[in-house]
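Engineer: Sequence:
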Amino acid sequence: MTTIANNLQQVLGRMAQACQAARRDPSSVGLLAVSKTFGADAVLEAVAAGHRAFGENYIQEGVDKIAALRAALPDTALQWHCIGPIQSNKTRPVAEHFDWVHTVDRLKIAERLSAQRPDHQPPLHICVQVNIDGGPTKSGVAPADALELVRAVAKLPRLVVRGLMSIPDHAPEFEAQLAIHARAKALFDQIVSLREPGLAQFNTLSLGMTADLEAAIQAGSTLVRVGTGVFGGRTYPAA
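Position 82 of the sequence shown, counting from 1, maps to 1226 under my numbering, and the rest follow consecutively.
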């Protein structure tokens, strides 16, 4: 078994244990393998191990990887999620190549994604990013403004608003992690409870990474974003 395949099994095992502890069905939580900074060969290893959903933070790197995987595996359907920040001049490649976007935090970005999504492609799945702990350097809409943005995105053509995403500041202890994630779950539940038009598929809560996936699952995450736990440590190019 390759290292990536072994890592995937270990992460899935952690997720299953966390679901058991939270008394949740393991099928209620998905795994997004975050492949940023790793090449197409690493993604191919994960695909060979049975994984199909991948997250990319850097747009051009992601677009290049999507093209490489489509060329290598033309008959294999993969799901690509943009989970990094998006500048307004970078929306077109996201709209044209990705399946999901987790980082919509202002209406202008959503409007551009809607306008630039090709008609022949299925709707782009959108998560609204929420700055749940109020970090001053963090992206994301303020929790108090999240519902207004969700409603606005839901009205745009060629997009479907699927849920919320959050990346809180790191907390070293489980209880602190759980408390932060629980805020996002409460906001998510509040929006779901409204049962508004355009929110029929609002069922995704993208919370948790390698270090805090157990707390995220306990809080109610439906999708954990795991990079180093699957692909190993990263080496970033010098600035």
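Calculated directly from the structure, the hints in this document are not laboratory data.
Cβ coordinates follow ideal geometry from the N, Cα and C atoms, glycine included.
Hints should not be assumed to be uniformly reliable.
Unchecked claim - Dumping the calculated DSS-like pairs for lysine-lysine here, alpha-carbon to alpha-carbon at most 25 Å: (1) LYS1234 to LYS1252; (2) LYS1299 to LYS1180; (3) LYS1282 to LYS1234.
Unchecked claim - Derived DEER-like restraints, expressed as beta-carbon distance ranges: (4) LEU1251 to HIS1314: 39 to 45 Å; (5) ALA1160 to ALA1211: 29 to 35 Å; (6) ASP1333 to SER1171: 17 to 23 Å; (7) HIS1264 to ALA1160: 23 to 29 Å; (8) THR1354 to ASP1208: 33 to 39 Å; (9) THR1354 to GLN1265: 28 to 34 Å; (10) PRO1170 to GLN1260: 32 to 38 Å; (11) THR1147 to ASP1289: 28 to 34 Å; (12) LEU1217 to LYS1299: 21 to 27 Å; (13) PRO1316 to GLU1240: 27 to 33 Å; (14) LEU1217 to GLU1240: 33 to 39 Å; (15) GLU1340 to SER1171: 39 to 45 Å; (16) SER1171 to LEU1338: 21 to 27 Å.
Engineer: Each hint needs a verdict: does it hold in this structure or not?
Structural biologist: Here is what the structure says about each hint:
{"no.": "1", "hint": "LYS1234 to LYS1252", "in the structure": "12 Å, holds"}
{"no.": "2", "hint": "LYS1299 to LYS1180", "in the structure": "31 Å, violated"}
{"no.": "3", "hint": "LYS1282 to LYS1234", "in the structure": "19 Å, holds"}
{"no.": "4", "hint": "LEU1251 to HIS1314: 39 to 45 Å", "in the structure": "29 Å, violated"}
{"no.": "5", "hint": "ALA1160 to ALA1211: 29 to 35 Å", "in the structure": "34 Å, holds"}
{"no.": "6", "hint": "ASP1333 to SER1171: 17 to 23 Å", "in the structure": "20 Å, holds"}
{"no.": "7", "hint": "HIS1264 to ALA1160: 23 to 29 Å", "in the structure": "38 Å, violated"}
{"no.": "8", "hint": "THR1354 to ASP1208: 33 to 39 Å", "in the structure": "24 Å, violated"}
{"no.": "9", "hint": "THR1354 to GLN1265: 28 to 34 Å", "in the structure": "31 Å, holds"}
{"no.": "10", "hint": "PRO1170 to GLN1260: 32 to 38 Å", "in the structure": "37 Å, holds"}
{"no.": "11", "hint": "THR1147 to ASP1289: 28 to 34 Å", "in the structure": "42 Å, violated"}
{"no.": "12", "hint": "LEU1217 to LYS1299: 21 to 27 Å", "in the structure": "36 Å, violated"}
{"no.": "13", "hint": "PRO1316 to GLU1240: 27 to 33 Å", "in the structure": "40 Å, violated"}
{"no.": "14", "hint": "LEU1217 to GLU1240: 33 to 39 Å", "in the structure": "19 Å, violated"}
{"no.": "15", "hint": "GLU1340 to SER1171: 39 to 45 Å", "in the structure": "27 Å, violated"}
{"no.": "16", "hint": "SER1171 to LEU1338: 21 to 27 Å", "in the structure": "26 Å, holds"}
In this structure, the earlier hints numbered 2, 4, 7, 8, 11, 12, 13, 14 and 15 are contradicted, and the remaining ones agree with it.
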